[in-house]
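Chemist: Put together the whole structure using the sequences plus the hints.
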Amino acid sequence: MNAAATMLADASVVAKRNLIKIKRVPDLLVFTTLSPIMFVLLFAYVFGGAIDPTGGGAGYREFLMAGIFAQTVIFGATNTGAGLAEDVKKGIIERFRSLPMSSSAVLTGRTLSDVVNNLIVLVVMSLTGLLVGWRIHTSVGEALAGFAVLIVFAYAFSWVMAFVGLLVPSPEVVNNASFIVIFPVTFLANTFVPLNSLPGPLRVFAEWNPVSAVTAAARTLFGNDGAIPASASASDAWPLQHPVLYVLIWSVVIVAVFAPLASRQYRRAASR
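At position 171 of the sequence shown (counting the first as 1) the number is 697 in the numbering used here, and the numbers step up by one without a gap.
Think of the hints as simulated: they come from the structure by calculation, not from any bench. Just to be clear, a hint being listed does not mean it is correct.
Cross-link-like lysine to aspartate or glutamate pairs, in silico, EDC-like; alpha carbons within 20 Å at most [as the list claims (entries may be wrong)]:
(1) 547 / 620
(2) 542 / 612
(3) 615 / 698
(4) 547 / 612
(5) 616 / 698
(6) 547 / 698
(7) 542 / 620
(8) 549 / 612
The model shown is predicted, which means the values in this text are computed figures rather than measured ones.
Modeler: As C-alpha coordinates, this is what we get:
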(Lines of atoms letter the chains of each structure in order from A and count residues from 1; the text may use other names and numbers.)
(Lines give C-alpha, C1' and ligand atoms only; values in the text may rest on other atoms or scores of the structure.)
Protein backbone atom coordinates (compact mmCIF):
# COMPACT_ATOMS: atom_id res chain seq x y z
CA MET A 1 0.00 0.00 0.00
CA ASN A 2 1.22 3.51 -0.76
CA ALA A 3 1.44 6.22 1.90
CA ALA A 4 -1.96 7.78 1.10
CA ALA A 5 -3.76 4.43 1.19
CA THR A 6 -2.03 3.51 4.44
CA MET A 7 -3.01 6.82 6.02
CA LEU A 8 -6.66 6.40 4.96
CA ALA A 9 -6.75 2.83 6.29
CA ASP A 10 -5.29 3.95 9.62
CA ALA A 11 -7.63 6.95 9.76
CA SER A 12 -10.65 4.68 9.23
CA VAL A 13 -9.56 2.57 12.21
CA VAL A 14 -9.24 5.68 14.40
CA ALA A 15 -12.61 6.97 13.19
CA LYS A 16 -14.19 3.61 14.01
CA ARG A 17 -12.65 3.77 17.49
CA ASN A 18 -14.23 7.20 18.10
CA LEU A 19 -17.63 6.08 16.79
CA ILE A 20 -17.57 2.98 18.99
CA LYS A 21 -17.06 5.33 21.93
CA ILE A 22 -20.33 7.07 21.05
CA LYS A 23 -22.05 3.67 20.90
CA ARG A 24 -20.70 2.69 24.32
CA VAL A 25 -21.41 6.09 25.89
CA PRO A 26 -24.71 7.11 24.25
CA ASP A 27 -25.03 10.05 26.63
CA LEU A 28 -22.52 11.88 24.41
CA LEU A 29 -24.88 11.77 21.44
CA VAL A 30 -28.01 12.38 23.52
CA PHE A 31 -26.73 15.63 25.04
CA THR A 32 -25.23 16.71 21.70
CA THR A 33 -28.65 16.47 20.06
CA LEU A 34 -30.71 17.83 22.97
CA SER A 35 -29.03 21.23 22.88
CA PRO A 36 -29.95 22.12 19.25
CA ILE A 37 -33.46 20.74 19.76
CA MET A 38 -33.89 23.09 22.71
CA PHE A 39 -32.60 25.99 20.59
CA VAL A 40 -35.13 25.20 17.88
CA LEU A 41 -38.03 25.08 20.31
CA LEU A 42 -36.94 28.16 22.27
CA PHE A 43 -36.41 30.39 19.26
CA ALA A 44 -39.44 29.08 17.40
CA TYR A 45 -41.96 29.42 20.23
CA VAL A 46 -40.45 31.62 22.96
CA PHE A 47 -38.23 34.24 21.30
CA GLY A 48 -39.53 34.05 17.75
CA GLY A 49 -42.39 36.47 18.26
CA ALA A 50 -40.07 39.14 19.63
CA ILE A 51 -37.32 38.64 17.04
CA ASP A 52 -39.37 38.24 13.88
CA PRO A 53 -41.00 41.44 12.57
CA THR A 54 -43.73 39.34 10.97
CA GLY A 55 -44.80 37.80 14.28
CA GLY A 56 -42.63 34.72 14.76
CA GLY A 57 -44.83 32.39 12.72
CA ALA A 58 -44.01 29.67 10.21
CA GLY A 59 -41.99 32.13 8.09
CA TYR A 60 -39.56 32.79 10.89
CA ARG A 61 -39.22 29.09 11.66
CA GLU A 62 -38.10 28.47 8.09
CA PHE A 63 -35.70 31.40 8.38
CA LEU A 64 -34.45 30.04 11.71
CA MET A 65 -33.56 26.45 10.76
CA ALA A 66 -30.57 27.22 8.54
CA GLY A 67 -29.09 29.34 11.33
CA ILE A 68 -29.65 26.60 13.89
CA PHE A 69 -28.03 24.08 11.54
CA ALA A 70 -24.98 26.32 11.06
CA GLN A 71 -24.56 27.01 14.77
CA THR A 72 -24.95 23.35 15.68
CA VAL A 73 -22.40 21.91 13.27
CA ILE A 74 -19.86 24.56 14.27
CA PHE A 75 -20.35 23.80 17.95
CA GLY A 76 -20.19 20.11 17.03
CA ALA A 77 -16.66 20.66 15.79
CA THR A 78 -15.60 21.30 19.38
CA ASN A 79 -15.93 17.55 19.94
CA THR A 80 -12.73 17.19 17.93
CA GLY A 81 -10.79 19.47 20.25
CA ALA A 82 -12.26 18.03 23.44
CA GLY A 83 -11.65 14.47 22.31
CA LEU A 84 -8.03 15.11 21.39
CA ALA A 85 -7.39 17.01 24.63
CA GLU A 86 -8.77 14.06 26.55
CA ASP A 87 -6.58 11.62 24.60
CA VAL A 88 -3.50 13.71 25.34
CA LYS A 89 -4.40 13.95 29.02
CA LYS A 90 -4.91 10.18 29.34
CA GLY A 91 -1.74 9.31 27.41
CA ILE A 92 -3.61 7.69 24.51
CA ILE A 93 -1.77 9.88 22.00
CA GLU A 94 1.51 8.43 23.24
CA ARG A 95 0.13 4.93 22.68
CA PHE A 96 -0.84 5.86 19.14
CA ARG A 97 2.67 7.16 18.57
CA SER A 98 4.11 3.79 19.60
CA LEU A 99 2.06 1.95 16.98
CA PRO A 100 3.13 1.39 13.35
CA MET A 101 0.58 3.82 11.95
CA SER A 102 0.52 7.05 9.98
CA SER A 103 1.08 10.11 12.17
CA SER A 104 -1.70 12.04 10.43
CA ALA A 105 -4.24 9.22 10.80
CA VAL A 106 -5.17 10.19 14.37
CA LEU A 107 -6.24 13.72 13.39
CA THR A 108 -7.87 12.67 10.13
CA GLY A 109 -9.79 9.86 11.84
CA ARG A 110 -10.89 12.17 14.63
CA THR A 111 -12.24 14.81 12.23
CA LEU A 112 -13.96 12.23 10.03
CA SER A 113 -15.73 10.62 12.98
CA ASP A 114 -17.08 14.01 13.98
CA VAL A 115 -18.50 14.41 10.47
CA VAL A 116 -20.58 11.29 11.13
CA ASN A 117 -21.66 12.71 14.48
CA ASN A 118 -22.73 15.97 12.80
CA LEU A 119 -24.71 14.02 10.19
CA ILE A 120 -26.65 12.23 12.93
CA VAL A 121 -27.35 15.52 14.69
CA LEU A 122 -28.52 17.14 11.43
CA VAL A 123 -30.97 14.29 10.83
CA VAL A 124 -32.44 14.70 14.33
CA MET A 125 -32.64 18.48 13.94
CA SER A 126 -34.29 18.19 10.52
CA LEU A 127 -37.02 16.01 12.01
CA THR A 128 -37.49 18.55 14.79
CA GLY A 129 -37.67 21.34 12.24
CA LEU A 130 -40.34 19.52 10.27
CA LEU A 131 -42.39 19.23 13.44
CA VAL A 132 -42.27 23.00 14.08
CA GLY A 133 -43.17 23.93 10.50
CA TRP A 134 -39.87 24.04 8.59
CA ARG A 135 -40.06 22.82 5.00
CA ILE A 136 -37.62 22.35 2.11
CA HIS A 137 -38.94 23.97 -1.08
CA THR A 138 -36.22 22.89 -3.52
CA SER A 139 -35.18 19.66 -5.19
CA VAL A 140 -33.55 16.73 -3.41
CA GLY A 141 -30.22 17.55 -5.03
CA GLU A 142 -30.30 21.16 -3.83
CA ALA A 143 -31.31 20.08 -0.34
CA LEU A 144 -28.42 17.61 -0.18
CA ALA A 145 -26.11 20.37 -1.41
CA GLY A 146 -27.34 22.55 1.46
CA PHE A 147 -26.45 19.89 4.00
CA ALA A 148 -23.12 19.33 2.22
CA VAL A 149 -22.19 23.01 2.62
CA LEU A 150 -22.87 22.75 6.35
CA ILE A 151 -20.77 19.58 6.69
CA VAL A 152 -17.86 20.90 4.61
CA PHE A 153 -17.51 24.04 6.73
CA ALA A 154 -17.91 22.06 9.96
CA TYR A 155 -15.19 19.64 8.82
CA ALA A 156 -12.86 22.53 8.06
CA PHE A 157 -13.57 24.15 11.41
CA SER A 158 -12.87 20.85 13.19
CA TRP A 159 -9.21 21.29 12.19
CA VAL A 160 -9.17 24.58 14.10
CA MET A 161 -10.51 22.76 17.13
CA ALA A 162 -8.03 19.92 16.63
CA PHE A 163 -5.21 22.44 16.92
CA VAL A 164 -6.80 24.00 20.01
CA GLY A 165 -7.40 20.61 21.60
CA LEU A 166 -3.74 19.66 21.25
CA LEU A 167 -2.63 23.06 22.50
CA VAL A 168 -4.56 23.34 25.78
CA PRO A 169 -4.18 21.10 28.84
CA SER A 170 -7.69 19.66 29.27
CA PRO A 171 -11.09 19.12 27.60
CA GLU A 172 -12.66 21.62 30.00
CA VAL A 173 -10.41 24.38 28.71
CA VAL A 174 -11.36 23.49 25.13
CA ASN A 175 -15.06 23.76 25.92
CA ASN A 176 -14.69 27.07 27.78
CA ALA A 177 -12.40 28.65 25.18
CA SER A 178 -14.52 27.53 22.23
CA PHE A 179 -17.73 28.78 23.86
CA ILE A 180 -16.23 32.24 24.38
CA VAL A 181 -15.28 32.50 20.68
CA ILE A 182 -17.94 30.50 18.84
CA PHE A 183 -20.99 31.78 20.70
CA PRO A 184 -20.62 35.47 19.70
CA VAL A 185 -19.45 34.58 16.17
CA THR A 186 -22.55 32.49 15.54
CA PHE A 187 -24.86 35.16 16.96
CA LEU A 188 -23.21 38.13 15.19
CA ALA A 189 -24.49 36.79 11.90
CA ASN A 190 -27.73 36.27 10.02
CA THR A 191 -28.37 33.05 11.94
CA PHE A 192 -31.28 34.20 14.09
CA VAL A 193 -32.08 37.77 13.09
CA PRO A 194 -32.28 39.62 9.76
CA LEU A 195 -29.25 41.73 8.87
CA ASN A 196 -31.17 45.02 8.92
CA SER A 197 -31.69 44.61 12.67
CA LEU A 198 -27.94 45.02 13.32
CA PRO A 199 -26.25 48.44 13.73
CA GLY A 200 -23.70 49.58 11.13
CA PRO A 201 -20.36 48.06 12.28
CA LEU A 202 -21.96 44.84 13.46
CA ARG A 203 -23.83 44.50 10.19
CA VAL A 204 -20.60 44.81 8.20
CA PHE A 205 -18.99 42.17 10.42
CA ALA A 206 -22.03 39.90 9.98
CA GLU A 207 -21.96 40.31 6.20
CA TRP A 208 -18.35 39.10 6.01
CA ASN A 209 -18.70 36.53 8.77
CA PRO A 210 -18.36 33.05 7.17
CA VAL A 211 -21.12 31.80 9.47
CA SER A 212 -23.49 34.18 7.68
CA ALA A 213 -22.41 32.74 4.33
CA VAL A 214 -22.96 29.18 5.55
CA THR A 215 -26.42 30.14 6.77
CA ALA A 216 -27.29 32.07 3.59
CA ALA A 217 -26.11 29.19 1.39
CA ALA A 218 -28.22 26.69 3.34
CA ARG A 219 -31.29 28.96 3.23
CA THR A 220 -30.99 29.36 -0.52
CA LEU A 221 -30.44 25.67 -1.20
CA PHE A 222 -33.36 24.74 1.08
CA GLY A 223 -35.56 27.37 -0.54
CA ASN A 224 -36.02 29.28 2.72
CA ASP A 225 -34.50 32.61 1.65
CA GLY A 226 -37.97 34.03 1.07
CA ALA A 227 -39.24 33.09 4.53
CA ILE A 228 -39.18 36.72 5.69
CA PRO A 229 -39.40 39.94 3.65
CA ALA A 230 -36.41 40.32 1.33
CA SER A 231 -35.80 43.89 2.51
CA ALA A 232 -35.06 42.58 6.00
CA SER A 233 -32.23 40.25 5.00
CA ALA A 234 -30.98 41.65 1.69
CA SER A 235 -27.31 42.58 1.39
CA ASP A 236 -25.06 43.69 -1.44
CA ALA A 237 -21.95 42.31 0.29
CA TRP A 238 -20.01 39.92 -1.96
CA PRO A 239 -20.00 37.00 0.52
CA LEU A 240 -23.78 36.97 0.72
CA GLN A 241 -24.14 37.34 -3.03
CA HIS A 242 -21.89 34.28 -3.54
CA PRO A 243 -22.31 32.36 -0.26
CA VAL A 244 -21.41 28.86 -1.50
CA LEU A 245 -18.18 30.05 -3.11
CA TYR A 246 -17.30 32.11 -0.03
CA VAL A 247 -17.82 29.10 2.23
CA LEU A 248 -15.66 26.90 0.02
CA ILE A 249 -12.88 29.50 -0.01
CA TRP A 250 -12.95 29.76 3.77
CA SER A 251 -13.01 25.96 4.13
CA VAL A 252 -9.98 25.47 1.89
CA VAL A 253 -8.04 28.24 3.65
CA ILE A 254 -8.88 26.92 7.13
CA VAL A 255 -7.78 23.36 6.28
CA ALA A 256 -4.64 24.62 4.49
CA VAL A 257 -3.62 26.63 7.55
CA PHE A 258 -4.76 24.53 10.50
CA ALA A 259 -4.17 20.98 9.26
CA PRO A 260 -0.37 21.51 9.20
CA LEU A 261 -0.51 23.42 12.50
CA ALA A 262 -2.52 20.63 14.13
CA SER A 263 -0.15 17.98 12.75
CA ARG A 264 2.86 19.82 14.13
CA GLN A 265 1.18 20.31 17.48
CA TYR A 266 0.27 16.61 17.51
CA ARG A 267 3.93 15.69 17.28
CA ARG A 268 4.77 18.10 20.10
CA ALA A 269 1.88 16.93 22.30
CA ALA A 270 2.88 13.31 21.88
CA SER A 271 6.46 13.99 22.93
CA ARG A 272 5.84 16.20 25.97
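Chemist: Of all the hints numbered above, which does this structure not satisfy? Sort the numbers upward.
Modeler: Nothing - there is no hint that the structure violates, so all of them hold.
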